[in-house]
Amino acid sequence: MDPKGSNVKVARRPRRSRRPRGSQPRQQLPNDEILFKIQEMEERLNFEIRQHAKLWERMDTIMRLYVNEERALQKVRRQVHGLRDMSNKIDMSLEFVVQGIHKVQRHIQEQCLVDRDVDDDDDMNNHHSSE
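So the sequence shown is residues 1 to 131, counted in full-length UniProt numbering.
Any given hint might turn out to be false.
Within a straight-line C-alpha distance of at most 25 Å, the following computed SDA-like cross-link-like pairs (lysine to any residue) qualify [to be verified]:
#, residue 1, residue 2
1, 103, 117
2, 54, 40
3, 54, 69
4, 37, 56
5, 103, 92
6, 89, 74
7, 54, 42
8, 89, 76
9, 75, 88
10, 89, 77
11, 103, 90
12, 89, 101
13, 103, 93
14, 54, 44
15, 54, 39
16, 89, 78
17, 37, 49
18, 54, 66
19, 75, 65
20, 89, 99
21, 37, 47
22, 89, 102
23, 54, 65
24, 75, 90
25, 103, 91
26, 75, 60
27, 89, 79
28, 103, 83
29, 75, 62
30, 54, 67
31, 89, 100
32, 37, 52
33, 75, 61
34, 54, 64
35, 75, 85
36, 103, 116
Label-pair ranges, simulated between beta-carbon atoms [said to hold, decoys possible]:
#, residue 1, residue 2, range
37, 79, 55, 33 to 43 Å
38, 52, 29, 24 to 34 Å
39, 73, 103, 44 to 54 Å
40, 101, 76, 29 to 39 Å
Keep in mind the hints are simulated off the structure, nothing from the lab.
The beta carbon of each residue, even a glycine, is placed where N, CA and C say it ideally should be.
Start from the sequences, fold in the hints, and give me the full structure.
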């Protein structure tokens, strides 16, 4: 029925006998031709097998390279971590040295003050004794 409700017949194409597309009608091939086709198929199969084997060899090579690169990357990561640790140790050592320098400076300043006081006392004593 069409949308208006009237009966309409749709034209159909006449049916043909169907066979799969690309297939040829079955013919009896001579034995030589059959053997030739089999040989062609075997050669193609052997070619595909060789290609497959080469592909697996390439995959093995790629996997080996990947594993080697992954190991190298891990080694670099460990080295970077070691450098960070070393940097922290250097910072701590530098802080220790700076603190030591401050202590030495304070000690020198205190020693200078003591020496000055002693010199002043000697000057005072010499001044009093000369009178």
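Here is what the structure says about each hint:
1. Only pairs whose Cα atoms come within 25 Å are accepted, and residue 103 paired with residue 117 is accepted, the gap being roughly 21 Å.
2. Taking the CA atoms of residue 54 and residue 40, the gap is near 21 Å; set against the 25 Å cutoff, the hint holds.
3. In summary, the hint linking residue 54 to residue 69 is supported, as the alpha carbons are separated by about 22 Å, within the 25 Å threshold.
4. Of the pairs offered as hints, the one joining residue 37 and residue 56 is violated, with about 28 Å between alpha carbons and a cut-off of 25 Å exceeded.
5. Distance hint between residue 103 and residue 92 is fulfilled; the C-alpha atoms sit about 17 Å from each other, no more than 25 Å.
6. Of the supplied pair hints, the one linking residue 89 and residue 74 holds, its CA atoms being roughly 22 Å apart against a limit of 25 Å.
7. For the suggested pair residue 54 and residue 42, the alpha carbons sit about 18 Å apart, so the restraint of at most 25 Å is met.
8. Only pairs whose Cα atoms come within 25 Å are accepted, and residue 89 paired with residue 76 is accepted, the gap being roughly 20 Å.
9. A hinted pair counts as satisfied when its Cα atoms are at most 25 Å apart, and residue 75 with residue 88 qualifies at roughly 20 Å.
10. A C-alpha spacing of about 18 Å is found between residue 89 and residue 77, which places the hinted pair at or below 25 Å, so the restraint holds.
11. Straight-line distance between C-alpha atoms of residue 103 and residue 90 comes to about 20 Å, which keeps the hinted pair within the 25 Å bound.
12. Under the criterion of a C-alpha separation no larger than 25 Å, the hint pairing residue 89 with residue 101 is consistent with the structure, at around 18 Å.
13. Straight-line distance between C-alpha atoms of residue 103 and residue 93 comes to about 15 Å, which keeps the hinted pair within the 25 Å bound.
14. As the CA atoms of residue 54 and residue 44 are separated by approximately 15 Å, the hinted pair is consistent with the 25 Å bound.
15. Between residue 54 and residue 39 the alpha-carbon distance is near 22 Å, which keeps this suggested pair within the 25 Å criterion.
16. Taking the CA atoms of residue 89 and residue 78, the gap is near 16 Å; set against the 25 Å cutoff, the hint holds.
17. Of the supplied pair hints, the one linking residue 37 and residue 49 holds, its CA atoms being roughly 18 Å apart against a limit of 25 Å.
18. For a cut-off of 25 Å, the pair hint linking residue 54 to residue 66 stands: about 18 Å separates their Cα positions.
19. Straight-line distance between C-alpha atoms of residue 75 and residue 65 comes to about 15 Å, which keeps the hinted pair within the 25 Å bound.
20. Distance hint between residue 89 and residue 99 is fulfilled; the C-alpha atoms sit about 15 Å from each other, no more than 25 Å.
21. For the suggested pair residue 37 and residue 47, the alpha carbons sit about 15 Å apart, so the restraint of at most 25 Å is met.
22. Taking the CA atoms of residue 89 and residue 102, the gap is about 20 Å. The hint holds against a cut of 25 Å.
23. Taking the CA atoms of residue 54 and residue 65, the gap is near 16 Å; set against the 25 Å cutoff, the hint holds.
24. Using a Cα cut-off of 25 Å, the hinted pair residue 75 and residue 90 holds, with the two alpha carbons roughly 22 Å apart.
25. Annotation: proposed proximity of residue 103 to residue 91 holds, straight-line Cα distance about 18 Å (limit 25 Å).
26. At most 25 Å may separate the alpha-carbon atoms for a hinted pair to count; residue 75 and residue 60 meet this at roughly 22 Å.
27. The straight-line distance between the Cα atoms of residue 89 and residue 79 is roughly 15 Å, inside the 25 Å bound, and the hint therefore holds.
28. Distance check on the hinted pair: residue 103 and residue 83 sit about 30 Å apart at the alpha-carbon level, beyond 25 Å; violated.
29. Annotation: proposed proximity of residue 75 to residue 62 holds, straight-line Cα distance about 20 Å (limit 25 Å).
30. For the proposed pair residue 54 and residue 67, the alpha carbon gap of about 20 Å is at most 25 Å, so the pair holds.
31. For the proposed pair residue 89 and residue 100, the alpha carbon gap of about 16 Å is at most 25 Å, so the pair holds.
32. For the suggested pair residue 37 and residue 52, the alpha carbons sit about 22 Å apart, so the restraint of at most 25 Å is met.
33. For the proposed pair residue 75 and residue 61, the alpha carbon gap of about 21 Å is at most 25 Å, so the pair holds.
34. Between the alpha carbons of residue 54 and residue 64 the distance comes to roughly 15 Å, so the proposed pair stays at or under 25 Å and holds.
35. For the proposed pair residue 75 and residue 85, the alpha carbon gap of about 15 Å is at most 25 Å, so the pair holds.
36. Note on residue 103 and residue 116: the hinted pairing holds, with a Cα-Cα distance of about 20 Å set against a maximum of 25 Å.
37. Between residue 79 and residue 55 the beta carbon distance is about 36 Å. The supplied range of 33 to 43 Å therefore holds.
38. The beta-carbon spacing between residue 52 and residue 29, approximately 29 Å, falls within the hinted interval of 24 to 34 Å.
39. The hinted window of 44 to 54 Å between residue 73 and residue 103 holds, with their beta carbons roughly 45 Å apart.
40. For the hinted restraint 29 to 39 Å between residue 101 and residue 76, the CB-CB distance of approximately 36 Å keeps it satisfied.
Checked against the numbered hints given earlier, the structure breaks hints 4, 28 and satisfies all the rest.
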